[in-house]
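Place chains F and Y on chain X using the hints.
Spelled out from the first residue to the last, the chains are:
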Amino acid sequence: MASSVTPPKSKAEPKVISRTSSDLDADYKWGFTIDIESEVIPKGLNEDVVRLISQKKGEPDWMLEWRLKAYRHWVKQDYREPTWANIQHPPIDYQDIIYYAAPGSKDDAPKSLDEVDPEILEAFDKLGIPLAERERLAGVAVDAVLDSVSVATTYQDMLEKAGIIFCPISEAIKNHPDLVKKYLGSVVPFADNFYAGLNSAVFSDGSFAYIPPGVRCPIELMTYFRINQADSGQFERTLIIADKGSYVSYLEGCTAPARKTNQLHAAVVELVALEDAEIKYSTLQNWFPGDKDGNGGVYNFVTKRGICKERNSKISWTQVETGSAITWKYPSVILKGDNSVGEFYSVALVNNFQQADTGTKMIHQGKNTKSTIVAKGISAGKGNATYRGLVKINSGAQGAKNFTQCDSLLIGDQCGAHTVPYIEVKNSSAQVEHEASTSKVSDDQLFYCQQRGISVEDAHYMIINGFCRDIFQELPFEFAMEAGQLLKVSLEGAVG
Amino acid sequence: MTQTATKISNYEADYQAIREQRAASNPAWLTQLGDQAWTRFTELGFPTARRGNERWKYTNVAPIANASFGLSSDLVAGSDHESELRRAAPWDDEWINLVFLDGRFSKVLSNLNASDSGNGRILVNNLAEAINSGAANLEQLLAKHVKFQEDGFAALNTAFLGDGAFVQVPDGSVLQSPVNLIYLTSTSNQPTVCYPRTLVAVGKGAQATVIESYVGIKSGALNPEYFTNAVTEISLAEGAILDHYRVVSEAKQAFHVGTSRISQGHDSVFSSASFAIGATLARNDFEVLLDGPGASCNLNGLYLTADAQHMDNLISIDHAQPHTSSQLNYKGILDGKSRAVFGGQVLVRKDAQKVSAHQSDKNLLLSSQAEVDSKPSLLIYADDVQCGHGATAGHVDKDSLFYLRSRGLDADTASRMLVHAFAREVIETVKVEPLKQFLDELFLEAIPETGLKLGGAA
Amino acid sequence: MTSKNTPLLEIRGLCVSADDLEILKGVDFTVNTGEVHAIMGPNGSGKSTLVSVLAGKPEYTVTAGTVRYQGQNLLSLEPEMRARMGVFLAFQYPLELPGVRAWQFLKAAVDALRQHRGEEDMSARDFDRMLREKVKLVDIDPDLVKRAVNEGFSGGEKKRNEILQMAIMEPKLALLDETDSGLDIDALRIVSEGVNRLKNPANATVLVTHYQRILDYIAPDHVHVLLDGRIVQSGGPSLAMELEAKGYEWIREAVEASG
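Residue numbers (the working numbering), protein chains in the order written: chain X, 2 to 497; chain F, 820 to 1277; chain Y, 4 to 262.
Hints are not guaranteed to be accurate.
[What the hints assert, rightly or not] Computed list of lysine-lysine pairs in DSSO-like fashion (alpha-carbon distance at most 27 Å, straight line):
#1 F/K1169 with X/K402
#2 Y/K28 with X/K441
#3 X/K441 with F/K1169
#4 X/K441 with Y/K149
For the record, the hints were derived by calculation from the structure and aren't laboratory data.
Same shape as in the complex, but just chain X (with noise of 0.2 Å):
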């Protein structure tokens, strides 16, 4: 039986993530800069590079060891980036990114939100995620990190009572080496792919997060991530465990300024289900797309998997991508336990220039496996959208069950949406069933809304966000909310 633990009171009003404005630029209201004083690394990347990541995170010997190792891996491939994905961006620079940057100017983090800058709390409050004890979210804990680090996180105490660690990951590898050092890397390993190889040798920071057995986590957790430094990348590594017979439901946002250069967002995300445990990960992906000639932008190259390692437990993956000028990921899932479950609803929207190529994969294993996959994109502007996803039924997973769904709306002439899946089965008792649909809105409906009185510039958000439903029922209410508002700030200029 889960043990239970009082949420917090609700407040009267939902808070959303975006409800602040910038002078910046004003149809990315996220992009102003925090003006705070950080501690930065000269750019460039070799092997003292990640010993002194390692060092200023004071980390154990063997977690050095492994980011060396990693970086070796990393080393050998000569810069070849992976080239399959439907994207263009000219080569990147890796010697000319800043890999460790930490707000504030000394080693230590803060340990109490007290001796938080102040200067930070106000910028969480901007992006709507206060930290403040009286003003936090309710019913979510926050894990904030910007740049490299963690600079808070919330509901800490109430999690403890359940036995719920919800930290830095960098704290995790000081005070859980145990849990660290059996779980990291192992549903992705550095030698996985390129970025994953990257971010295993200088991943900053990330959250951690491990509920016991039994255990249904009374409130959702967040991680806020937030890049602000000029020239730097990000580079966070997430890794969750739900242990048997547990429940946790974790989200995701993430916001950048804008600037005229491209900034690089290599992120690895690791989730663990063992027996009868479920995790539910939703996203919403807002990093600062570009301007509206394609100028700047976040290259989000993100390597999330997640594995069923035991019988009866479940993933379940829910993403927004409205953000990025560039998105290269594939949350995916490991079937391995018998009767074990994973989900796949993803929005992928795509503006003036952005570029994505997003999907999943589902590696059925276990036996009556079952998988779902539910990807809407929306093309607009010059962007393209591509869904890229591969179901793969191992000879062993008897009575494999997948389905999957995609659809595809384009808005305007110059975008471009494009469906790649990728289906192999090797089990003859699987059923796998792929569909796909690529439309435009129709005159026809656009006319019926206007005949209600409805103008055509709703009539288009009504029918998108209509488009998007069955996805949107999968997030969290704040979430969902967000996800409409963002959907409609993100296609500014691109309808009506």
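Chains F and Y in isolation, oriented as in the chain X frame:
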């Protein structure tokens, strides 16, 4: 690149021999074309499933690259094969039948029904003769649609181009009889390769039916490997209509790589059905370019694999113009340890508005060791389109099986009935009656007798 | 401004084409408040075109004539503006809006109307209450408003949903485009009763139909026959009966004989 060098050397001597002959007796442009293609082949080599090579992601051609295939040197004694031919390939005395034995036109085996080909209007000929007689437009038509610069197999075929079929349907003509092209490989003492080349040009408003069959002699004591590297180029002018059938029924020890390129003009209609059975490794690389508004194509396919066979279909449709439409419907039946690969690619180019495109790939797995890899992709750059695709993989429907058994049929019979019904859907699209019957028997015979226990026990 | 004598709708010499094909060839037609008009005619006579043009459907081109609504030039207004001013079209084939919940759709429509009139948005609670009443009024399954607009609705449900929307938007000029077609007798009765309940001296209804059947339930004050893009005959309710008995060929012959 060293790996390709050794593999290429196998072909070098044969090429030089061919070239010598060619330079002596053929027009210069052909020698030139051959040289270009040969040079390109030496650069490209055989494709590998390297990182990022999506066209060959699931198919490894190392067995072809590593073997030493030579040109067949045996003298063609065509008449010996007549009875075998009638069994192995579709045939009707009323058709225009061209038979090629080990890559060479066989007059003895062919039946060019003078009534249709001899009226001076429609030209159905073998390529070697067309080359020798200096057919005026051949230079313009050959290697126009096949980009051998991008593909090792097409380059190799073009380098060795010697014989094949040349079908020309003049503007406004309606070819009543189907043109039946049979590429037959006989048994030989050593591994042989042949390079069938088919060229079809359908004129404005003209109409024709073309059947291409690739068959191997399945009986006999000698069973060395052989390799068929075929290239087909088809063009449809404005308003042309072509029904096209492709039958691959090679011997078990065969390798078959077929590259087909179809180019369609304004309002032309191309209907195709492709059938594959047999062969150790077979590849059907089939690409349709819808190059005029109103052009439409309808591509059907059926493949059946067993044992350790590998079947790869790569079907691409390029909607280059507005108001074009395509229907793609492929089905596979897999048994044993076989593996089927389906790559479907529908491309809708920018400004190709009002396009309709639908593709579907359905696979039936009869054995627990069979594998299917399906990649039905859509790449769309225009906004006013109706596009969709579907793919399924699974075994015989349990409920249907139970229903049949509850009516007294035993499990094997019931399964066979359902598998046959699955195949029938594609066979039914064949409009030429004798061909339909031939295919129905071919597939019915190939449906495995046993091992269909799936779902039966439940 | 509308005076007491200004007709609600006044159409003069209206000519309309679509894809270079002339569909309406000079229609004159006047509707006053409190009236119910029935426009009848065979398929392809231009009935649907007439009401679609009044609602502002973009694919039609008005080549000649005027349409005044409450004394104002209707043809210069955007479709949503016409709707906000009280012109309602019940579609012959209501569109499906996948994923768009009916509740949300209706609320947006009501908000748009109220904003146009300078009123505040209705609170969700008040809207719910109003919606419940209207659902009862037109006797439809309350669950329909929880689903996506018309998605997976049966033909009858779609038609009833149109009447529900009409009840909510309370139009001054209701244009019903073959609302009766495809309805069984029970559904026809329910839809008709809904329309009758919404009728009042301040609004008017224009009913487009192929059959006399619906006129058993909704009594028209005036019946017009539209043939080949022109109104060829107008009269009282008895004209509909005569049409039903003698068929459209009768009127065609009569027109040709006189003409």
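Structure-based check of each hint:
1. Of the supplied pair hints, the one linking F/K1169 and X/K402 is violated, its CA atoms being roughly 36 Å apart against a limit of 27 Å.
2. Taking the CA atoms of Y/K28 and X/K441, the gap is near 34 Å; set against the 27 Å cutoff, the hint is violated.
3. Among the hinted pairs, X/K441 with F/K1169 is consistent with the structure: their alpha-carbon atoms are about 15 Å apart, no more than 27 Å.
4. In summary, the hint linking X/K441 to Y/K149 is supported, as the alpha carbons are separated by about 25 Å, within the 27 Å threshold.
Violation of the numbered hints given earlier is confined to hints 1 and 2; the remaining hints are satisfied by the structure.
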